[in-house]
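Student: What follows is each chain in one-letter form.
Protein chains: 2
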Amino acid sequence: MPDYSRFSFDIHARDPGSRARCGTLSTPHGSLPTPNFIFCGTKAAIKGLTIAQMREAGAHFMLSNTYHLMIQPGAELVEKMGGLHKFCGWDGPMLTDSGGFQIFSMGHGSVADEIKGRRTASGERQKSLMKITEEGASFRSYLDGAKLFLSPERSIDIQRRLGADFILQLDECTAFHVDRSYTARSMAMSHRWGDRSLAEFERGDDGWQALYGIVQGGVYPDLRVESSSYTRDRPFFGTAIGGSLGASKDQMYEVVEMCMSHIHPNRPVHLLGIGGIGDVFSGVRNGIDTFDCVSPTRIARHGWALAEGVPGERLNLRNARYREDAGPLDEKCGCYACTHFSRSYIHHLIKVGEMTGMVLLSIHNVATMVRLMAEVRQTISAGSLDELEKRWRTE
Amino acid sequence: MPDYSRFSFDIHARDPGSRARCGTLSTPHGSLPTPNFIFCGTKAAIKGLTIAQMREAGAHFMLSNTYHLMIQPGAELVEKMGGLHKFCGWDGPMLTDSGGFQIFSMGHGSVADEIKGRRTASGERQKSLMKITEEGASFRSYLDGAKLFLSPERSIDIQRRLGADFILQLDECTAFHVDRSYTARSMAMSHRWGDRSLAEFERGDDGWQALYGIVQGGVYPDLRVESSSYTRDRPFFGTAIGGSLGASKDQMYEVVEMCMSHIHPNRPVHLLGIGGIGDVFSGVRNGIDTFDCVSPTRIARHGWALAEGVPGERLNLRNARYREDAGPLDEKCGCYACTHFSRSYIHHLIKVGEMTGMVLLSIHNVATMVRLMAEVRQTISAGSLDELEKRWRTE
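Protein sequence lines, in the order shown, are assigned to chains A and B.
Counting from 1, position 23 in the first sequence corresponds to residue 22 in the working numbering; the numbering is continuous, with no gaps.
Counting from 1, position 359 in the second sequence corresponds to residue 358 in the working numbering; the numbering is continuous, with no gaps.
Do not take every clue at face value.
Stated by the list, open to error - So the derived list for chain B, only partly shown, Cβ under 8 Å to chain A, looks like this:
#1 Ala44
#2 Leu76
#3 Met80
#4 Trp207
#5 Val309
#6 Glu323
#7 Tyr335
#8 Glu353
Said to hold, decoys possible - Below, simulated BS3-like cross-link-like pairs (lysine-lysine); rule was C-alpha separation at most 27 Å, straight line:
#9 B:Lys85 to A:Lys350
#10 A:Lys350 to B:Lys146
#11 A:Lys85 to B:Lys331
Because the hints were derived from the structure by calculation, they are not lab data.
For clarity, every value in this text was computed on a predicted model and none was experimentally measured.
Glycine included, each C-beta is placed from N, C-alpha and C at the ideal position.
With the sequences and hints as input, model every part of the structure.
Tutor: Following this line, the structure appears as structure tokens:
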């Protein structure tokens with residue numbers, strides 16, 4: 000059995016009308032209240048922001064991507080520099096993923112967000128995935144074309160060197176279009192990879208990290224149940240819901256629901272890569288404890304501000320309607336951007352392509368997700384999620 | 000006579016071996032010690048940094064460019080939003096230039112730094128300057144090709160709407176290659192433009208701004224003397240050294256020296272657009288009180304860190320030698336970047352193109368210029384500039 004004595008997850012309030020729950024997740028780098036949001040520092044940095052700005056915006060939890068870090072600067076270098084926390088300056092709880100999602104989503108040449116930066120000189124996308132076998136996956140580095148290999152053991156080894164508090168088993172992320180039969184075979188292999196991940200994790204276990212298993216099974220209820228039971232019956236610390244979540248938001252919530260009766264009820268549950276405002280409400284009602292998504296900072300770089308009670312959950316600061324708007328991005332927000340700058344100023348910065356505009360919108364979007372999660376937690380303990388959702392979401 | 004009662008410049012220490020001097024420059028937005036550095040917020044923002052980060056790095060003084068702001072978002076909009084200070088959130092002393100430098104340098108299709116952002120869809124540079132007459136200069140907007148016109152009166156009107164503490168007269172910035180005869184004629188016109196700038200300034204004078212005259216005359220000693228005397232004999236608050244400063248650093252220092260015996264001895268002297276570490280030492284010895292230059296933040300975005308006592312005044316953080324370097328950018332620096340992050344981490348960020356790398360280097364370079372100016376001031380009061388320069392500069 001792994002030594003999880005430095006970690007804990009305590010549930011201390013439940014919503015009577017749903018699976019929503021409030022908890023405390025404790026790690027060697029501090030505790031955080033759940034439900035909560037994990038901000039994406041893909042390459043060991045939140046794009047455009049400093050750690051001080053993340054702290055000031057109220058963030059509790061950060062992740063980095065194994066795939067990107069194994070290619071550049073390399074896990075050995077990060078280890079040599081004292082591990083990810085010391086390297087990037089974030090001394091709070093951290094998570095790394097297994098590297099699988101990027102290998103598979105980028106490897107299929109899909110339009111996955113992660114692919115964005117990876118183009119050839121001619122602007123084309125290349126399929127970088129070379130081969131998936133029982134042993135693992137071989138793929139080419141987007142940096143220099145070097146042949147790389149990721150197995151469950153190698154992923155755990157890399158994540159151990161990176162040193163985040165929470166790490167993930169390797170799984171195969173199937174493409175959206177694959178059929179039931181492929182999904183079933185792939186899921187079975189991911190379970191075998193989960194067992195190998197656990198074995199490798201236990202071999203090097205020093206008590207400073209905790210491992211999450213991943214529920215696969217695509218959009219198929221029986222496969223989701225089987226995969227949920229698989230993770231429940233293994234000594235993972237937490238459960239992550241992964242794989243193809245369907246073609247629409249509604250289907251995604253259905254898929255999440257399929258899992259929730261069958262996963263381990265007392266472990267923290269993470270929903271991989273999902274985190275719009277609406278997703279948070281639906282996810283929390285289904286019992287999700289943590290979310291992660293690049294969108295708060297990514298949409299900021301494209302000129303969007305998350306806001307409470309606006310159609311589509313966000314405002315387009317490029318819109319000429321903000322040209323003479325002396326008000327803050329969101330008058331309900333107390334972040335640095337909202338207390339010091341007008342929509343007019345940020346509209347100007349975005350329009351002329353000033354980095355500072357992206358920075359201010361990123362600060363605001365991080366602070367907005369932080370505030371949303373705080374209000375969700377308060378409401379689970381004391382009120383109605385429906386009412387809170389009505390305030391935040393407008394059709 | 001303009002009302003400069005809200006402004007003052009007091010000289011309280013002099014270097015016995017040079018023209019170097021320490022003073023206090025007071026404005027309606029606070030006082031600052033001189034010699035000092037004006038950081039460039041070209042489009043009403045320091046690229047990538049927030050005002051809070053500029054304050055934390057110790058900056059005292061900021062400028063914005065009339066040329067860029069008149070095109071986008073427009074001086075009327077800035078005025079409507081409460082003026083530049085309120086718009087961009089910087090409540091300390093500010094300066095705007097006249098707009099002339101960009102019109103002329105970009106208009107000639109030169110490789111002036113300012114031109115960088117202005118390319119056609121095909122990547123070519125276009126000459127935007129259409130015509131210079133006694134009345135003023137007509138040019139095309141780099142944004143939409145609209146025909147624009149700048150006269151001394153219009154420049155003062157725009158700068159009044161922007162509302163910076165210090166504003167500049169319009170002058171013609173001659174190209175580097177023009178001959179003595181063109182330079183002489185142009186200088187004479189700039190003087191007439193200076194008189195018109197003063198007249199327009201006095202017409203709208205409300206006591207909240209102070210006007211600088213500009214010394215022209217290219218590399219010709221007699222013209223520089225004539226232009227210095229011109230500014231001295233007019234009721235400008237300060238003196239700016241502008242125009243072509245020659246082909247080399249040595250010639251630049253010679254040109255500055257030509258002016259210094261003939262300008263007004265008790266007014267603050269600004270050296271336009273110059274501000275490397277070496278330039279600061281040479282400029283200060285010649286009696287320069289303030290410098291401005293985009294380079295601290297521009298070179299940061301290209302991966303360079305200013306540092307004390309290193310060849311070329313800076314380190315190239317892209318260099319593989321920093322890959323495993325756990326030390327700070329500059330161990331003599333106490334800025335946020337140097338006290339929290341390693342060269343190894345910043346090397347990684349720059350190598351993968353993370354905005355945060357540019358941000359950390361920008362913070363460091365601003366803090367380094369702040370520290371350099373503070374040490375220069377201390378040394379003028381108490382020691383030898385030569386010794387200080389030896390510490391900062393290595394051949």
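Student: Checking one constraint from the list: CA of Lys350 of chain A to CA of Lys146 of chain B, max 27 Å. Satisfied?
Tutor: 20 Å, holds
Student: At a threshold of 8 Å, is the proposed contact between Val309 of chain B and chain A supported by beta-carbon distances?
Tutor: 22 Å, violated
Student: Restraint: Met80 of chain B near chain A, CB-CB cut 8 Å. Satisfied or not?
Tutor: 5 Å, holds
Student: Sort out whether Lys350 of chain A lies within 27 Å of Lys85 of chain B, counting only the CA atoms.
Tutor: With Cα atoms ~19 Å apart, Lys85 of chain B and Lys350 of chain A stay inside 27 Å; holds.
Student: Close enough to count: is the Cβ of Ala44 of chain B nearer than 8 Å to one in chain A?
Tutor: 4 Å, holds
Student: For the restraint on Tyr335 of chain B, tell me whether the closest CB of chain A is nearer than 8 Å.
Tutor: This interface hint holds because 7 Å falls under the 8 Å limit.
Student: Holds or violated: Lys85 of chain A with Lys331 of chain B, Cα cutoff 27 Å?
Tutor: Given that 27 Å is the threshold and the Cα spacing comes to 21 Å, the pair holds.
Student: Against chain A, with CB atoms and a cut of 8 Å, does the hint on Leu76 of chain B hold up?
Tutor: 7 Å, holds
Student: Hint validation: Glu353 of chain B versus chain A, beta carbon distance must be below 8 Å. Holds or violated?
Tutor: 5 Å, holds
Student: For the hint on Glu323 of chain B, just tell me whether its beta-carbon gets within less than 8 Å of chain A.
Tutor: This hint holds: Glu323 of chain B lies near chain A, its Cβ roughly 6 Å from the closest one there, short of 8 Å.
Student: For the restraint on Trp207 of chain B, tell me whether the closest CB of chain A is nearer than 8 Å.
Tutor: At about 21 Å, which exceeds the 8 Å cut-off, the nearest Cβ of chain A leaves the hint on Trp207 of chain B violated.
When each numbered hint is compared with the structure, violations occur for hints 4, 5.
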